[in-house]
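Enquirer: Sequence:
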Amino acid sequence: MNDLAALRKDPAGARRALASRHPRWADAFDQLILIDEEHRSSLKIVEDMRARRNAASQEIGKAKAAKDEAKAVQLMAEVGQLKVAMAEKEKNLAAVENNLRAATLELPNAPHESVPVGKDESENPEVRRALTPRTFDFKPLDHQAVGEKLGLLDFAAAAKLSGSRFALWKGGGAKLLRALGNFLLDRHEKKGYLEVHPPYLVRPEVMEGTGQLPKFEADMYKTVNTDGEKTTTLYLISTSEIPLTNMVREEILPAARLPMKLTAFTPCFRQEAGSYGKDVRGVIRNHQFDKVELVWITKPEDSLAALEELTHDAEAVLAELELPYRVIQLCTGDMGFSSRKTYDIEVWLPSESRYREISSCSDCADFQARRMAARFRRDVKAAPEFVHTLNGSGVAVGRLAAAILENFQQADGSVLLPRALVPFFGAERIVVS
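Numbering (our numbering), first residue to last: 189 to 621.
Fair warning: there could be bad hints in the mix.
[Stated by the list, open to error] Pair by pair, the computed Cβ-Cβ distance ranges are: (1) 362 with 497: 30 to 36 Å; (2) 468 with 496: 32 to 38 Å; (3) 455 with 541: 28 to 34 Å; (4) 238 with 377: 51 to 57 Å; (5) 377 with 489: 25 to 31 Å; (6) 349 with 309: 30 to 36 Å; (7) 468 with 388: 41 to 47 Å; (8) 476 with 305: 32 to 38 Å.
[Said to hold, decoys possible] Below, a list of computed lysine to aspartate or glutamate pairs in the EDC-like style, where the Cα atoms sit at most 20 Å apart: (9) 307 with 215; (10) 327 with 600; (11) 363 with 567.
If you are wondering where the hints come from, they were derived from the structure by calculation, not from laboratory data.
Since the model is a prediction, treat every value here as computed from it, not as a measurement.
Just so you know, even glycine gets a beta-carbon here, dropped at the ideal spot from N, CA and C.
Model the full structure from these sequences, guided by the hints.
Expert: In structure tokens:
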């Protein structure tokens, strides 16, 4: 949620920044400003009426004390009329407030001034790359073919159980996912992250806090349970960013607790709305997948530096696993809804001869904190301020497994594991299960 006061202070700058994402956001901003003006006007009318009612009520007491019954009757009539008029004005104010909140929730975060302006992913600049992709003396297979030949993946069984865009890992494949999850958590814990095992089902207001609702409801899996007259709605998390970040919702933290660094290894659930026909093969785009998430909660002045550190933490695991990768910065037209600045980390897939996203690291500034009412105090006497929130994949485990199967496949069909993973997997090589 954007700071309305900041938008009012520099409307031209805010409009320009939002328009750099897409021209439609300039129109949405204009509509928000109109609703905000209507809200302030309606609020003033109601506040003036309340002030007059309170003043008239006090005057009634004075008139009665002075035994001026005529004036008291006149004032009581005025108060009665004000109550009737106020009821209508307050009803109108409530409707305008709902419209204002809805318009505010629909508006994305304004990009930071350091973000390159661009229309889509084709204009994302590369920041750096590491390790040279391997040259094969045979034609490398894609991860699905490698996994199926080794008995690690069974897409037919997954389809029988759940339909399309699901994967069933088994034997060495299931063991590989477990080893990768443990490897990633171990590395992040050593970097100072607190491991969390959160619920996978969360309330609607929690999804709203991190920006998934209301805009992306079509991509969420929702459960509705009715027990007598009570109905409970919960959403399956699309990323553990959601529960981790919301751990500080509606709290005022002491400054000494910042920064907070959290990590979790969870399944994630996404409808993948709008992705029909994309990445239909393999595990690159599934409805259910595992991911290790990294979340930071910081002071406002620290978040941009924290983004650099968070990104390095995510890419460090790829370097240790000897996987070629690159880091790109997302331009304004390709950034996520809640982010003000984002780096994507892409890993090399030999079967496609290109880099594919495996992590996205974002600084959301106070955008999520305002939605969650997450604040901190610099000292006991200081006024509360909104924290800044950051998140990044550390990393997507299914895609990481796919990258290992492709980059480390051997001519005999086996997969020689990267050295850092061997202690977690318990063997140097994956052979037919």
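Enquirer: So, for every hint listed, does it hold in this structure?
Expert: Status of the hints after comparison with the structure:
| no. | hint | verdict |
| --- | --- | --- |
| 1 | 362 with 497: 30 to 36 Å | 33 Å, holds |
| 2 | 468 with 496: 32 to 38 Å | 36 Å, holds |
| 3 | 455 with 541: 28 to 34 Å | 30 Å, holds |
| 4 | 238 with 377: 51 to 57 Å | 54 Å, holds |
| 5 | 377 with 489: 25 to 31 Å | 27 Å, holds |
| 6 | 349 with 309: 30 to 36 Å | 33 Å, holds |
| 7 | 468 with 388: 41 to 47 Å | 26 Å, violated |
| 8 | 476 with 305: 32 to 38 Å | 36 Å, holds |
| 9 | 307 with 215 | 17 Å, holds |
| 10 | 327 with 600 | 12 Å, holds |
| 11 | 363 with 567 | 48 Å, violated |
Going down the numbered hints, you'll see the structure goes against 7 and 11, while the others check out.
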